[in-house]
Amino acid sequence: MFLEADFEYVLKKAEEAGAEYADLRYQEYYYENILVENRVLKSYSSRNFSGVGVRVFVDGMVGYSSTTSLSRDSFLKALDNAMKAAKALGCGEKIKFDFESNRVEVKSNFLIDPANVSAEEKISLTLDANKAAFFDDRIRNAITRLGFSKDSRLFMSTYGARIKVETVMSGLGHESVARSYETMERVGYSDSRCAGFEFIRSGDWNTFASDLSRLAIEASESKTPPAGTYPVIVDPDVIGLLLHEAFGHASEGDLVSTQESVLYGRVGEKIASDKVTIVDDGVIENGYFYPFDDEGTVKKRTVVVEDGVLRGFLHDILSSSKFGVEPTGNGRAQDFENLPIVRQTNYFMLPRDYNFDELLEDIDYGIYVSGKGATGGQVDVGMGTFTFSVGPSKIIRGGRLAETVRGVVISGLILDTLKTIDAVGKDLAIRTNVFGGCGKMGQTVRVGFGGPHVRVQKMTVGGRWL
Amino acid sequence: MSLAEKAVKRVIEFGASEAEAYLQSEKVLWIEFDDKIECFKVTESSGLGLRAALGKKVAAYSTSNISFEEIGEAAEKVVKIAKVMPEDLEWRHFNMSFGKSDAFGYYDKSVEDIEYDDVAEKVYSAIQRIREYDFRVKPARGLLAIATTKTAIANCYGGEFERIESGVSVWVRAKAEDGLEKSIGSDHLETRFWKDTNLEELASKAAENALNFLRAKQIESCRISVIFRNDVFASILGTMLSGPITAEWVQKKRSPLAGKLGKVIACDKITLVDDGIMYGGIRTRPFDDEGHPTQKTYVIEEGLLKNYLYDTYTSLKDNVRSTGNAARGGYWTPPQTTPSNLILEKGDSSLEEMVKETSRGLLVEDVIGEWLSNPVSGNLNATVTHAYLIEKGETKAPVKGVTVSGDFYKMIAEDVEMVGKDVRNMGQYYSPTIKLREITVAGK
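Just so you know, the sequences run in chain order B and F. Using the working numbering, the first residue of the first sequence is number 473, and each one after it goes up by one. Using the working numbering, the first residue of the second sequence is number 1413, and each one after it goes up by one.
Extracted from the complex, chain F is given alone in its bound form:
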């Protein structure tokens, strides 16, 4: 019997009517650097997240100590807590549909076997690349994280299922200084595969970016055409939609998309899918964090709202099937309904075409504060740190320090003019470059 199954058995022995065990172990190489490596850290951690139901009383407890005695104590503890919880009248049961989908490309074995010397050497050559790029450019604080994660899930109805995943995240930044002018440039990458991790290329991009924005200025407030670069729009998409498209938000009456199933909520250029099985996706997995198989779900199809995302609890409430979207933030937090790989499908325009067809506009390369936007009201706000002014079909002067704002739902319904063919991800969110007809830019 596996450890997860043993834990489930222990929880039942202490009197629970249902039990679930989630076991995770992770190894992370974490490297912080600027003009040299500031921190090289290796963490190996594991933990057990238990859930117990006593009729309709549900509780969770977690521990990082997975010795046999501690599992017994944790099992006793979770049942104790369940006893004092009020009944959740909506509670039916834990996941009964264990299964695996045909997902591939979520584990790169070479990540686990990585040599620390190689990692350090790659980071040093990226730092060197920035130093040599231009005398005005210097490396700034960056990060490389390389992780291998093993997860096992069992509950009183099934399991145990196991999966092993790899992940690499990079964030490289450079600063440029010329007289009193200062600027920052950055680039990032999130991937499942070590071989895709080209640090020097990212370093060059960051340095180029920093240098290009040395003389960036604000522009006057105006209504203007805006092209959001793929990864920028991916991040906006994540902020604005990752909550509202879940059944959890809909059922809690927080989602502005409640009651809109089957209705047109965006223009026909917009197709949004939640794809838990795409090759190499950041959140690709054969089963979700309840052991339910993952799948590809059309959320918006050519503008029409087709589906919400479900986990077991929310699906039982609506009498539908789970879409395999249960995810835990860590073994210590209970699962929540969360998108897997959320992808805005590509169109057929190239970036050059988009720029060429813009008489006056902004090409937005980077923003901050987009995550402070309000997904409940749909009000989008972001501060543009890196953009180029477009005039008569050509990119001109660099722009910084302006804000873009507007009603996100109106943008995707009325303002989308062109959709690029260049999909890129920001974490689990994927998008092509998007050209919007006209939005409000606040500047000088």
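Next up, chain B with everything else stripped away, as it sits in the complex:
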């Protein structure tokens, strides 16, 4: 790469200026988003964003500076800013520098770079999918999005690391709003992969959109479930959402060290049923592709819960140094303008041995809770409480799936929920999203989540949240 000699020069200058350690992140980011609403192309937005961030450690203090100007002078100015920032902080505790010095180049699998596909093809495909959603006059509104991103990151450090990762994503999202009598129901879903335009070409998006319309109509004509506590089966989307939001954040080392997490001080403790094993993995089929973190640490599979026992937390360099453990490759930054903080990558439950019918057959009356069309929720990491408004679901009666119900809200204490999991399916579905990510302290990063179908003995199901 044409700038690399400059980067090496800057790192050398950092050492000469007295930095104990320095790293540099160069990023090129391209994003494209096509939005069609009610059969009309509403917007075609795209953005190109690139720059460099320099982090220095001086006397135990961290200074950071970034620039979008791609010249050696600008890089040196950023270094100078970072050094001044670190020095302004005085002296701090010594950090254990567990930085790795990997030298690799990796790319997520893709055949066709979406940037090279004509705007006409992308638009007509999105318009077609949107039109397919309007097969019934109960459909009042439909929005279809097509999205692509290409994120190229180069990491270099004074420890000799040089890691280049390029991740291309493609996806389509659709939302249909149906009205039957007095009831409006909105059902949205998206399908994204770390893949190129071949993923879009190979999909049947008209069916994808019309299926969501069908589900919205069905939901608008169905009832809400009676409130109460039931045995439930949650699908991979819901278990993924629950684990990521209500449990995953609580396992992030920084939130544990400040005692903001319900998991503080509980390593080695049995916190879930024997059936539960939860991992965070940088590379998994259909997940987000994240083989190295933004501190140059390889992101291997981290076991957070093993057979119900809490084994450890997710760490970046700073939090692993505080805990006196190895970093786990979870130091992630939204982009080159931000410092890495502890984040999840692909966070999911491992499958066991039940097939879907076996999960069903022991339930006399319960609910099959589905994530397609989920609208969000709220968690308290300190208390471990959660409330999620999930998608249209099905009643389970006598071991069989029965009628559809809408407006399903599940809530509870995550540690209680994990303890009452009595059966785990043998399937595994992971998903990621080109249209959004997970937010923490003002930074958004892409993640993957999911798991198998899971049976929970007791789950509180209520009326609509909000």
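None of these hints come from the bench; they were simulated from the model. Among these hints, one or two may not hold up.
Listed below are the simulated DSSO-like cross-link pairs for lysine-lysine, each with C-alpha atoms no more than 27 Å apart in a straight line [unchecked claim]:
no.: 1; chain 1: B; residue 1: K556; chain 2: F; residue 2: K1587
no.: 2; chain 1: B; residue 1: K794; chain 2: F; residue 2: K1550
no.: 3; chain 1: F; residue 1: K1469; chain 2: B; residue 2: K514
no.: 4; chain 1: B; residue 1: K559; chain 2: F; residue 2: K1448
no.: 5; chain 1: B; residue 1: K603; chain 2: F; residue 2: K1468
no.: 6; chain 1: F; residue 1: K1664; chain 2: B; residue 2: K514
no.: 7; chain 1: F; residue 1: K1439; chain 2: B; residue 2: K912
no.: 8; chain 1: B; residue 1: K912; chain 2: F; residue 2: K1607
no.: 9; chain 1: F; residue 1: K1492; chain 2: B; residue 2: K514
no.: 10; chain 1: B; residue 1: K772; chain 2: B; residue 2: K794
no.: 11; chain 1: B; residue 1: K514; chain 2: F; residue 2: K1550
no.: 12; chain 1: F; residue 1: K1448; chain 2: B; residue 2: K556
no.: 13; chain 1: B; residue 1: K514; chain 2: F; residue 2: K1804
no.: 14; chain 1: B; residue 1: K844; chain 2: B; residue 2: K898
no.: 15; chain 1: F; residue 1: K1681; chain 2: F; residue 2: K1534
no.: 16; chain 1: B; residue 1: K794; chain 2: F; residue 2: K1439
no.: 17; chain 1: F; residue 1: K1675; chain 2: B; residue 2: K559
no.: 18; chain 1: F; residue 1: K1672; chain 2: B; residue 2: K556
no.: 19; chain 1: F; residue 1: K1550; chain 2: B; residue 2: K912
no.: 20; chain 1: F; residue 1: K1495; chain 2: F; residue 2: K1758
no.: 21; chain 1: F; residue 1: K1521; chain 2: B; residue 2: K559
no.: 22; chain 1: B; residue 1: K603; chain 2: F; residue 2: K1768
no.: 23; chain 1: F; residue 1: K1607; chain 2: B; residue 2: K559
no.: 24; chain 1: F; residue 1: K1550; chain 2: B; residue 2: K559
no.: 25; chain 1: B; residue 1: K794; chain 2: F; residue 2: K1587
no.: 26; chain 1: B; residue 1: K594; chain 2: F; residue 2: K1469
no.: 27; chain 1: B; residue 1: K603; chain 2: F; residue 2: K1664
no.: 28; chain 1: F; residue 1: K1758; chain 2: F; residue 2: K1617
no.: 29; chain 1: F; residue 1: K1550; chain 2: B; residue 2: K549
no.: 30; chain 1: F; residue 1: K1594; chain 2: B; residue 2: K549
no.: 31; chain 1: B; residue 1: K514; chain 2: F; residue 2: K1665
no.: 32; chain 1: B; residue 1: K772; chain 2: B; residue 2: K579
no.: 33; chain 1: F; residue 1: K1534; chain 2: B; residue 2: K549
no.: 34; chain 1: F; residue 1: K1629; chain 2: F; residue 2: K1812
no.: 35; chain 1: B; residue 1: K559; chain 2: F; residue 2: K1439
no.: 36; chain 1: B; residue 1: K794; chain 2: F; residue 2: K1448
no.: 37; chain 1: F; residue 1: K1768; chain 2: F; residue 2: K1758
no.: 38; chain 1: B; residue 1: K549; chain 2: B; residue 2: K636
Because the structure is a prediction, the values reported are computed rather than measured.
Got chain B; can you put chain F on it based on the hints?
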């Protein structure tokens, strides 16, 4: 020829009938702290936002790379996108009325020359102030952001105009703990001037607040008189009115104020102005994000709805003049109709008088979740985190965890009893303290 003008020329060369270029560069010092400085970050960024029209087909594209070659590529790209867009039948043209108003007090040179050591020292003394305030009080997560922003705008009809702005935002928080009782206190400041930034004072306020709310409790649900502190009401004002008073919302039929021009929508104590030229305002600028001069616009005058806010596109649709209210969220987003400094004009009451004249009420010092209220329906909802109960003209016990709700338009039409003389801002929204006769409070 300036860079923005060059970009405009390139877009036209690629076949656009109209072009606009928006160039921005920014330097931000960003300091996160709790009991020490957790992050000291300096970002320098720049970017170019291009818009092109091909007849009535309009498109936007942006890039952070403003080298000459990249500008050429961006110009080609934006025209390519315009070609595939459907025609916007309402489209007339980009801004043709370039101009500058007499706005002052939006740039403080000392912000640009700031020494990092001084900044760190100020933050440390604020942290120290919280530590020394009381043994039960500790610093919690806070933020200091100091920005200098340069903007240049040109289009095929005029420019190039340039402006440079400064801004300082502070958010200080303290936590108090006494046995099982816990509380949080905070204070904030948004200003154009570094000299106005007194971190220690904010720290003291945050610590005092935390300590005062250690034993805060819920109260029973009731209808009660409520005094909203100036910055709290400023935030409510922003949530409830910043959309509805724009012509964009009116034209899209989202605004509850549509069709009410010239009608009484509030009591005569309410005068709301959008003032793009006030001295030192957070959004004071000589021209808006399309290069149109800014101005002072009366939105509500003594209860009467006088004007909506306009940018070029919405003004051409209504055959009126733009009020200079085009604003971009960043160079990468197209301009939208947005208030500049939205100010509720002050009255003549002091806070003491308001409290004294309240037999039973709540003095609301801080809320959360007000931004989840619904400006389309006018339904206001907020969770009160910090309030004092008022009984017989005196503030008493601290209150937390209750919600206030009601119809915002009914509040400003029927319930405003007193308007304070103590205007303060929450970002670009300015308000005095307001006393409302009676609203619904949900508690125990």
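So, going through the hints one by one against the coordinates:
Annotation: proposed proximity of K556 of chain B to K1587 of chain F is violated, straight-line Cα distance about 30 Å (limit 27 Å). Between the alpha carbons of K794 of chain B and K1550 of chain F the distance comes to roughly 21 Å, so the proposed pair stays at or under 27 Å and holds. Restraint check for K1469 of chain F and K514 of chain B: the C-alpha separation of about 11 Å stays at or below 27 Å, so the hint holds. Proximity of K559 of chain B to K1448 of chain F is assessed by CA-CA distance (about 14 Å); at most 27 Å being required, the pair is judged to hold.
The hinted pair formed by K603 of chain B and K1468 of chain F meets the criterion: a straight-line CA distance of about 24 Å does not exceed 27 Å. Distance hint between K1664 of chain F and K514 of chain B is fulfilled; the C-alpha atoms sit about 14 Å from each other, no more than 27 Å. For a cut-off of 27 Å, the pair hint linking K1439 of chain F to K912 of chain B stands: about 23 Å separates their Cα positions. Distance check on the hinted pair: K912 of chain B and K1607 of chain F sit about 32 Å apart at the alpha-carbon level, beyond 27 Å; violated.
This hinted pair checks out: K1492 of chain F and K514 of chain B have alpha carbons roughly 16 Å apart, not beyond 27 Å. Between K772 of chain B and K794 of chain B, the direct Cα distance comes to roughly 20 Å. Compliance with the 27 Å bound is thereby established for this hinted pair. For the proposed pair K514 of chain B and K1550 of chain F, the alpha carbon gap of about 50 Å is over 27 Å, so the pair is violated. Using a Cα cut-off of 27 Å, the hinted pair K1448 of chain F and K556 of chain B holds, with the two alpha carbons roughly 17 Å apart.
Note on K514 of chain B and K1804 of chain F: the hinted pairing is violated, with a Cα-Cα distance of about 57 Å set against a maximum of 27 Å. Straight-line distance between C-alpha atoms of K844 of chain B and K898 of chain B comes to about 20 Å, which keeps the hinted pair within the 27 Å bound. Note on K1681 of chain F and K1534 of chain F: the hinted pairing is violated, with a Cα-Cα distance of about 41 Å set against a maximum of 27 Å. With a CA separation close to 32 Å, the supplied pair K794 of chain B and K1439 of chain F exceeds the 27 Å bound.
Restraint check: the Cα-Cα separation between K1675 of chain F and K559 of chain B comes to about 60 Å, which exceeds 27 Å; the hinted pair is violated. For the suggested pair K1672 of chain F and K556 of chain B, the alpha carbons sit about 56 Å apart, so the restraint of at most 27 Å is broken. At most 27 Å may separate the alpha-carbon atoms for a hinted pair to count; K1550 of chain F and K912 of chain B meet this at roughly 23 Å. A C-alpha spacing of about 50 Å is found between K1495 of chain F and K1758 of chain F, which places the hinted pair above 27 Å, so the restraint is violated.
With a C-alpha separation of about 24 Å, the suggested pairing of K1521 of chain F with K559 of chain B holds against the 27 Å cut-off. Between K603 of chain B and K1768 of chain F the alpha-carbon distance is near 63 Å, which puts this suggested pair outside the 27 Å criterion. This hinted pair checks out: K1607 of chain F and K559 of chain B have alpha carbons roughly 23 Å apart, not beyond 27 Å. Simply put, K1550 of chain F and K559 of chain B have alpha-carbon atoms about 25 Å apart, close enough for the 27 Å limit, and the pair holds.
At roughly 23 Å between alpha-carbon atoms, K794 of chain B and K1587 of chain F fall within 27 Å of each other, so this suggested pair holds. Distance restraint check for K594 of chain B and K1469 of chain F: the Cα-Cα separation of roughly 18 Å lies within the 27 Å cut-off, and the hinted pair is therefore satisfied. A distance of roughly 23 Å separates the Cα atoms of K603 of chain B and K1664 of chain F; the hinted pair therefore holds under the 27 Å criterion. A threshold of 27 Å between alpha carbons decides the hint, and for K1758 of chain F with K1617 of chain F the separation of about 24 Å falls inside it, so the pair holds.
In summary, the hint linking K1550 of chain F to K549 of chain B is not supported, as the alpha carbons are separated by about 36 Å, beyond the 27 Å threshold. Restraint check for K1594 of chain F and K549 of chain B: not satisfied, since their Cα atoms lie roughly 44 Å apart, outside the 27 Å limit. Our distance criterion of 27 Å between C-alpha atoms is met by K514 of chain B and K1665 of chain F, whose separation comes to about 17 Å. Under the criterion of a C-alpha separation no larger than 27 Å, the hint pairing K772 of chain B with K579 of chain B is consistent with the structure, at around 16 Å.
As the CA atoms of K1534 of chain F and K549 of chain B are separated by approximately 24 Å, the hinted pair is consistent with the 27 Å bound. For the hint linking K1629 of chain F to K1812 of chain F, the alpha-carbon distance of about 5 Å falls within 27 Å, and the restraint holds. Straight-line distance between C-alpha atoms of K559 of chain B and K1439 of chain F comes to about 19 Å, which keeps the hinted pair within the 27 Å bound. Of the supplied pair hints, the one linking K794 of chain B and K1448 of chain F holds, its CA atoms being roughly 15 Å apart against a limit of 27 Å.
Distance check on the hinted pair: K1768 of chain F and K1758 of chain F sit about 19 Å apart at the alpha-carbon level, within 27 Å; holds. Restraint check for K549 of chain B and K636 of chain B: satisfied, since their Cα atoms lie roughly 24 Å apart, inside the 27 Å limit.
The structure does not agree with the numbered hints 1, 8, 11, 13, 15, 16, 17, 18, 20, 22, 29, 30 stated previously, though it agrees with the rest.
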